[in-house]
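Listed here are the chains, written in short residue letters.
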Amino acid sequence: MEPKTCDNLLHYYNGLLEGKEKDAFEKHLKQCDECQEEWTEWQDLTADLPYLSEEAQPPIGMKERILTNVTADDSSLTQQETQPGVKTDEIATKISPISQRKPKPWVQGLLAAGLMLSLGTNAYLYNENNKNEQVIQEQVNKTFKTVQLASEETKSTGVASMVKENGKMNLVVQSSNLTQVKGTETYQVWLIEGDKPYRAGTFTPDENGNGAVVFPVKFEGEHNWDAVAISHEPTPNSKKPLGTIVMASNL
Amino acid sequence: MGRTSDYELYQKVQEENKEALEMLYDRYEKLLFSFSFKMLRQKELAEEAVQDVFMKLWRKKGLYSEDKGKFSSWLLTVTRNACIDLIRKQQKNEVEILEKDIDYERTESVEETVTWNEEREGLKKAVSTLTEEQQDIVEMFYFKGYSQSDIAEQKNIPLGTVKGRIRLALKHLKKIYGERGDKYGTENLR
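Read top to bottom, the protein sequences are chains P and V.
In terms of our numbering, the first sequence opens at residue 3 and continues consecutively.
In terms of our numbering, the second sequence opens at residue 4 and continues consecutively.
These are computed hints drawn from the structure, not numbers from a lab.
Check the hints yourself; a few may be wrong.
What the hints assert, rightly or not - Straight line, CA to CA, 25 Å or less: simulated DSS-like cross-link-like pairs of lysine-lysine:
id, chain 1, residue 1, chain 2, residue 2
1, P, K32, V, K166
2, P, K22, V, K59
3, P, K22, V, K128
4, P, K29, P, K6
Stated by the list, open to error - Where chain V lies over chain P, by a calculated footprint (3+ residues, C-beta under 8 Å):
id, region
5, 8-16
6, 58-70
Every residue, glycine too, gets a C-beta built ideally from N, C-alpha and C.
Isolated chain P, as found in the complex:
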């Protein structure tokens, strides 16, 4: 037994060893009976602790995102990535929940993960709804900034793009498989900055559940949009989202 190495047990348990130290301890653990015994003791002493966690509600769409991503076949990802004309840096990510924060370094990692998700979802949608997705892909390629939208609860999908035309910014949102509206209900698009939503176009879908909106973005002052969202509103006049947010994505 090497006392110094044995002392690393709790460091190892809490993931504080790296590289050589970690490898060395793992090797040591296999050989040291005392450490093995102690290791089992700590595992046993802590086995119940996770059950102290209060129930937390998973974010909308988590199951779909995770299962799609986990089972995504590597070959289908490669195929998507090499599709001509689709620059990966232009496909921003859905599918992480709305962030009210400016990007931080770690967000990059999430964005990369999100891109994988987005591509995975594309593969899924491609299978589900071949025709629609092809139309969407073409739209994506021409735009300045584009985000994919998808709904957890329904089959609704969409694309929101910021299109710069003669120096003017337009928000173009196109969506399909929307649930039909009744009476005065409409779909309302929102641009979100911080925690403040700005109305950015209202539409009702056609009989096939397709809807689109082109909205000139002309709000006073400088804006740094964090997210775009589509909500299902009871009337066309909501100053703030009153209904259910059906789709949303970070910008």
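Once you have looked at the hints, place chain V on chain P.
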């Protein structure tokens, strides 16, 4: 109880059976997410942790066998490791962790789901018998993944005593919780 055991599902997952993966996911989504959220205090990261766990289940073969104890305990250990990895990654990027407003799942899953209200209540009672310092130490060590020296510094106690204090607190907890003799507690004493 005619339900498929976790181990049976796990074996099917090893054969790349997506239905089994989904069943296992439905069974453990809430527990793993809640646990990850307790550790990471951030929903997006908690989701990432859960994803890492299922990624491992799906892509790495032969990680679990019945000699490793109960599947649920093993899965929770894997989850804690995934959370710890994310904590370390975050620390490297010196990231602040903020809790945010995001949308929550509104509907309860109709699938079979592991629930742990009884265990939680029992454990909380047991935890309440610890001193405040012991409670803090357990929280820092187990859920926050602090090093012994960080704990020593924050609690202003000698470094050499940290490990002993954690162990004492956990043993006390185990004893009190184990004494309840409830189904889960006894089952878990291997």
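Index of numbered hints that the structure contradicts, given in increasing order: Violated: hint 3 alone.
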